[in-house]
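Trainee: Take the given structure of chain A and dock chain B to it, following the hints.
Chains as they are written, first to last, in the working numbering: chain A, 1 to 402; chain B, 1 to 609.
No lab work stands behind these hints: they were computed from the structure.
All C-beta atoms in this analysis are idealised placements derived from N, C-alpha and C, irrespective of residue type, glycine included.
Possibly wrong hints are sitting among the right ones.
[To be verified] Derived contacts from chain B toward chain A, CB cut-off under 7 Å, selection only: (1) I159; (2) R559; (3) K560; (4) N561; (5) V562; (6) G568; (7) G569; (8) D570; (9) T572.
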Amino acid sequence: MMINPEIQDDSLSIYIHIPFCQTKCPYCDFNTYSGIESLIPDYVKAINSEIHYWGDSLNDLSVRTIFFGGGTPSYLPEGHLESILNQVYKFFQIESAPEITIECNPNDIDTDKLTYLRKTGINRLSFGVQSLDDNLLTILGRRHSSEDALTAFAKAREAGFNNISLDFMYGLPRQTLTQWEDTLNQAIEINPDHLSLYCLTLEPGTPMKKSIDSANIPSPDQDLAADMYTTANKILENTVYDQYEISNWSKPGLNSLHNLTYWRNKQYIGMGPGGHSYVHKTRFNNINSPRQYIKRLNHIDPNKNYNKRLPSQTINTMPTVENIEYIESKLEMSETIMLGLRLSEGISEESFNHRFGLSIHEVFKESIAEAIDLGLMINENGTLKLTDKGNLFSNEVFLKFF
Amino acid sequence: MKTDHIRNFSIIAHIDHGKSTLADRLLEITGTVSSRDMTEQIMDQMELERERGITIKGKAVKMSYNKQGSRFQLNLIDTPGHVDFGYEVSRALAACEGAILVVDATQGIQAQTLANVYLAMEHDMTIIPVVNKIDLQVAQPARVSLELQQAFGFTDEEIIFVSAKDGSGIEDLLAAIIERIPPPKTEYNELRALVFDSNYDPYKGVVAYVRLFDGHIEKGSQMLMMATGSKADILEVGNFLPRPTQTSVLAAGEVGYIATGLKNVRECRVGDTLTLTNNPSTKPLPGYQPLKPMVFAGLYPSDGDEYLVLRTALEKLQLNDAALVYEPETSAALGFGFRCGFLGLLHMEIVQERLEREYGLNLLITAPSVRYSVTKTDGEEIEVDSPAKLPPTHLITEMKEPILSLNIVVPAKFIGAVMDIVTAKRGEFVRMEYLQNNTLDESVPDSSESRVLLEYRAPLSEILMDFYDQLKSRTHGYASMDYSIFGYKAAPLVKLDILVNNQPVDALSLIVHKEKSLQQGKTLVERLKNLIPRQMFEVPVQAAIGNRVISRETIRALRKNVLAKCYGGDITRKRKLLEKQAEGKKRMKRVGNVEIPQEAFLAILQLDR
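Isolated chain A, as found in the complex (with noise of 0.2 Å):
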């Protein structure tokens, strides 16, 4: 495998998912478990190992960002945060101030759980909010209330977090328009620094899907979700908050930097079972089995140096790595154009041109002038951005780059 140093920067994102949950939402088809929290001691110290393995080979470069996404990361017991972050401080060069987050259910947190995470250096969080409506909170078998989330997000302010971000969904069985607005209103009201506003996908597989194919609860009306995501665009339009992603919304500054690795297709390791990564252009994820993952761990020798190895002998090496896949230039462009697009930054002609030596509109010349022509993109100086319309239909556009 041929690394061009030029096209790579030296940063890089790290995941660890928490596969933990007191109960699991009926949407959800994460890969995350209830009633499996006998295994959390084994399962930090297999991280720890993990971490260890990663940190070793992967120390040409520097940890821009943190995040612990799961599951629910709150839910882990104290000192367990600590010492994860402890291995990772130990093992990777980190970078001045960097950005960790955890994701918080807001009935596990309370004041001194956040003067705990306060302590360990977790600078971020992101509430699991959904919505600020108590009977579909209910439809969604969230544990919490609007008030917990509410008195949640009190505390943490209380408890010095200056970066609070808030998940909200949309397009929910039941849901009204006029539901949906209080819910966004009262957000705003708040006063978080950072929105994430999805539309609820139903997963086939999950309790949630088959209750809907069962009728017993009704299908969203997906035209209703579209003029939901038009009306948080007119309410969040005039605020303090401005839209960086096609999801997304923060005050200036505060951004996430870490789902900005993501979208601008930059590296990242994602480590516990289920997490997927992209270094050295290949992308490849551990399994998502959290006692596989464990065991396989088991054969990491924790006083052994693991950083003198090619890139590509460290991935086909780590036992819990399946679906290696080497992303050739072609492939890359298009991912990096599916995802970049999603931001409101668009894609410069000039930072394509500098990652892959070519021009974005010679390689994709009817491509983009297809988008343009039906109105989902723009050409504003050189950078290519979603329009309006583009946002509603981003999947057509990015069709056409693949």
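Mentor: Below, chain B without anything else, positioned relative to chain A:
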């Protein structure tokens, strides 16, 4: 071998009455195929034939059987079982002296049984009636035997009872074949061989399946096709045992194959007589009626780039399927493709499946049409097999459509149901005949259980679509049907056009009866509304006759098309979803700026449901 030790025969049967199983059992009992090598229904070699459980192309196999110290050569020429392939039955029969008529002991005489028996009688053949599946609990051999006696005048003693499945009665049948079927007769010394089928082999060229009536032939002889005048040096002669096996000579009375080395099946037409260049016969055998395709449809590659692949595939397929005809056609909606003629809908489906399966093509097939006869105002009479080729209304004096003679066999209690369906399909009643005289049959307590033959005349275009499915469903599967072309008849027909987003889609046009046009236009438009996915803009769908819009629906604009959030950096999953969507788009056809899925082009097939 002397011709008096040769017996040539076919097996004729209604579909599913056990023809192929019986053939298998004959092969096994005569030791032609050891039971160890016996794969079920060995005569059906094509993968597609196996899957569908039907015989598409006839085959021939040579068996040896010892009877009272003498060795007999038994040549079985297999016949296809589906009505679409009726012509193949006729071809096979012309090569034989006798036919085994197989009737299912649980079902009795069916429409194809009648058709096949009449065909065999036309050929003046010896018919051996066989009641099959007597091992089944629900079998009614006595009743079916009675039916055979009454319908065709067989005697009780003539009828043989077998179970092809467990082998009982097969020895009796073999004895009957030898005793009753006359040996081949020869008249001349010059070679006369009837080509009853052919296929194309990349190494041996066209391989003719032949029945020798006179003379003999061996490898190296120079052959002459009497109708086409083609000449060739024979590369190989042989028999089917059942695999093609080379032999030194084929003699009068025998059935076998001749590898001609010819590159084109048209040079060695089925039905032609093969003779020798240096000692030619002057009297060709009676041939066959040339095949006339009855159903026409446009075949288009989903991906326009595959046009040449499709052309090559059709060329190759035609080498083995003389019934398939095609010519290039261009559609504004679908691009470059071919207008193909088929024997019937099943034939069409099979061709489509073979093209997709054997050549990896992704095909779009337009609504099937029949061939109309159109008299223009200038007196010229033209044939029109595609709505696109229909002249403008003001230039047409008269249109005629092909009419079928339709035979349906059904339990009497379903007469009403059949009448309903046929009337809705513009059919006319001709006659009705009870297959069984109940007064003679005390074993049948309820007269409604007796079965009737109903004969109708009906337009082919109406029968084509979903008549058979309706017939089967309304009669709980009891009805069977057979048809043949009766003639042409004038009818008030109009061209129904479909406009999607105000653009006519030529591939969706139909020729329909005037009285049905309104209803069909409405149904089609409604159906298309549900089949065409919502686009980024509103799309009107209209049905029109000439300039007059008779029906309209609107497909509302799609509001969004986005992918779910990408979680935890799983970009691959997202990309795969996109790739899948892109693949789906590939299977659609763009008409103007509207993407129309394949299913929309098939909507017309189910117009009457």
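Trainee: Compare the structure with each hint and give your call.
Mentor: Tested hints:
{"no.": "1", "hint": "I159", "verdict": "violated (56 Å)"}
{"no.": "2", "hint": "R559", "verdict": "holds (3 Å)"}
{"no.": "3", "hint": "K560", "verdict": "holds (4 Å)"}
{"no.": "4", "hint": "N561", "verdict": "holds (4 Å)"}
{"no.": "5", "hint": "V562", "verdict": "holds (5 Å)"}
{"no.": "6", "hint": "G568", "verdict": "holds (6 Å)"}
{"no.": "7", "hint": "G569", "verdict": "holds (4 Å)"}
{"no.": "8", "hint": "D570", "verdict": "holds (5 Å)"}
{"no.": "9", "hint": "T572", "verdict": "holds (6 Å)"}
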